[in-house]
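Asker: Protein chains in written order, with my numbering: chain Y, 1 to 484; chain G, 1001 to 1484.
Please keep in mind that the hints were generated in silico from the structure rather than gathered at the bench.
None of the hints are false.
Calculated lysine-lysine pairs in the DSS-like style (CA-CA distance at most 27 Å, straight line):
1. LYS1089(G) <-> LYS251(Y)
2. LYS254(Y) <-> LYS293(Y)
3. LYS1004(G) <-> LYS1254(G)
4. LYS4(Y) <-> LYS251(Y)
5. LYS89(Y) <-> LYS1251(G)
6. LYS5(Y) <-> LYS254(Y)
Because the structure is a prediction, the values reported are computed rather than measured.
There are 2 protein chains.
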Amino acid sequence: MATKKVEVIDASEVARWDATSDVIVVGLGCAGAAAAIEAARAGAEVLAVERASAGGGTSSMSGGVIYLGGGTPLQKACGFEDSPEEMFKYLMAACGPRPDEDKIRVYCEHSVEHYHWLLDQDVPFKPVFYPHYSGEPPTDDGLVFSGNEQAHPFCEIARPAPRGHVPQIPGQAGGLLMKKLLASVERHGVTIRSDSRTDGLVLAADGSVVGVRVRTFGESATLRARRGVILAAGGFINNDAMLDLYAPLLKACKFRVGADGDDGSGIRLGMAAGGAAINMHMGSISLPIIPPKKLQKGILVNRQGQRFINEDAYYGRLGEYALYHQGGQAYLVLDNETFERPAIEREIVAVGETVAEVERELGLPEGSLQQTVDLYNRHAENGCDPVFGKAAEWITPLVHPPFAALDCTTSGSLYAAFTLGGLRTGIDGEVLTADGDRVPGLYAAGRTSASLAAPGYASGISIGDGTFFGRRAGRAAAGSGALS
Amino acid sequence: MATKKVEVIDASEVARWDATSDVIVVGLGCAGAAAAIEAARAGAEVLAVERASAGGGTSSMSGGVIYLGGGTPLQKACGFEDSPEEMFKYLMAACGPRPDEDKIRVYCEHSVEHYHWLLDQDVPFKPVFYPHYSGEPPTDDGLVFSGNEQAHPFCEIARPAPRGHVPQIPGQAGGLLMKKLLASVERHGVTIRSDSRTDGLVLAADGSVVGVRVRTFGESATLRARRGVILAAGGFINNDAMLDLYAPLLKACKFRVGADGDDGSGIRLGMAAGGAAINMHMGSISLPIIPPKKLQKGILVNRQGQRFINEDAYYGRLGEYALYHQGGQAYLVLDNETFERPAIEREIVAVGETVAEVERELGLPEGSLQQTVDLYNRHAENGCDPVFGKAAEWITPLVHPPFAALDCTTSGSLYAAFTLGGLRTGIDGEVLTADGDRVPGLYAAGRTSASLAAPGYASGISIGDGTFFGRRAGRAAAGSGALS
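Chain Y on its own, in the form it takes in the complex (with noise of 0.2 Å):
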């Protein structure tokens, strides 16, 4: 896919307006629609522009999972305590090296509200707790684990909790998900300008954004914005230019979680306005060795033979480890009594009546896949993995023949990855430039952001800070004066 450019142009050159709104909103993923709804709901005439046909973006093609927690009523019903402060714990340790404190707060202080105006745009959440893996039920159940909550070492740093809320149908609840939103969308009088790729966002002198320039059909028209332009276009994991250029590295991963739209325009245009696009080598990339779970009792072990993770970690934490510090070279080692056919496909790359013989197989250095097991089995005698702190439920000794090797590389299995990197924002969505001031007018949700958890990702981040800061940025775009 050719990328398309972006520009600012200069108000003074537009020859006339080809339409007006208070708010307009460039995307109708569920940031967008979120926002949409939200600087509606404030009293705002909005204008809500999409590059597809319809609207829906990446999210209608997602899990659905939604990342909510501090003791929401579904929590509650499935029985599960959880805090605004132990959300807040377990984000704060989960979300990078410099997790961005200020958003993860409010994230967590109103985590219980931002799920029940999620019920209040008719999205259902059946009460059942979801328990035989993380990450995206297969049924209807509505409550998961969907990230290292119960793993080492976030379960010794917060008390664990499930916080991946999906909505009520079975499967990929993305699609219900986005029904629902852009249903409301249209109850909120929102007017939808579809098929228009927005190429250009309209700067005033004083560099405040005062509309967008789309393309129709091949037509280019003007529209301005009174109040605020929201960008909410996706992240740029189908853009390669720009993976080369920022996230050379995902490129690896072999399924690109996105649409089509996610060519990074959105962050383009408000670079070009002055914003600051940051985390922009950082991804979600999923390493999906469960379901089912029982393969967590196997051992993960890279091209020296060691092992480099806990395997009962997060399938993102797994996908991070494996690509970022292992070149995306892996491996799944199981004995006779852990294996069993994995639910994603992955080959089997080595069998072995012996340890020795998968090393070999596996072209390892003679003795280091032999040690690395010789070690894990002697702790896991105990029931204890000291060296990387796998929860002792899923260690036991690999000790029974035949051994196997299932192939966990990028290049021969799935990763799924997406960008997380975008425009610098502040709590209500304010795009930001290097030195933290705002560039006037405009403002940024979803992956056109840069994300609540990067790196740390877990399933439901990616909707839930979309939706809840595309709310912010909504509430804050209708409440400001006009612009210049």
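Starting from the structure of chain Y, add chain G where the hints point.
Answerer: Relative to the frame of chain Y, chain G by itself:
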């Protein structure tokens, strides 16, 4: 140090120009000096703006190593064979997951010419090879290995040749280098405006950069550039806010390699004018476990008691692996035969008659270090290291008690860091947007631009690419037509 903000200024708002020149160079480190000299040689009137009282910048505080090759007279005089092709192969392998092939190609093809240019600026090189270790020689010898050329896997990819060219003076040679370059700047009739901090870029209505605003002793002045502005104002290792935003891991490093001016102002100016900043999370991170070189015979282990790299890799690679992949947690384990007092102070954090004792004292998982040493020793008996590929010369079984561990953690030992991220530029230093378009009239060089080597730093790349691409920027700016 509080961050000073920068901004873009509309040319129509400039009441008067306090001075005018063809080319304005911002910053007089090695990149700015090279740019100024070449712009002047190309016939342009040049004004150089320097925030300190005199030029020199970080370059003058550095080791002064310049990464050159392809068969320079110095390499030949020292008896080493090299070619642009071998140099190209090395840099393509060493310069990260997505090396800038265009820049590396032109850098290698013209490296011999660049050496002669340095001679023309009276920079002296003594035709003697310093063999005792890689990096910066304590003598006045002129040639040294300054990267991973001799280490696995690079020695198998390209024929090793020393490429660290060091100006002739004992110890740190950056001062001499800058003295010579600044003398040449003066000889070429460049006007120098010192004590002047550049805090604004002046943009014409079409977005082209036509001047700068500077602060000199509390007074603002606007300076017009007829043909172009070259930003050569260093990196951002001394800007905590930018480190938090872009490269938080670098903050763990005790020693920051940079002048006060390395506050990212050049990068922020370029971003404000529409330039894209790339590689912003990357740094050069030195973990000098040598000299003496004998210490490479030890093994570097992490908190899991595992090795993670061939210990004979260049100290820039050791630091990168230890910080980025091991969280800055590393120890150098030695036996009585391999131990020697390190030249750079490094605390002994564990001693024992057995490896098990050292393991316990370090608080490593039981058995972990013991098995790592066992495997290492088993292969060391055969003089090989199939796990990480250390060269035979540095391999010996670690079997002579007592055993000791030297502190190589970020918290307890010296890591030296500077930033490698900066403005995206083409091969003539022209600043580019995220879309790959030029910002007319704007150039960048040195650490204000994204580095040739990121990650995969070799000593001498920074001064090498700074002077090389600085020169090209100077010529390009001088040769461009008058701006609007």
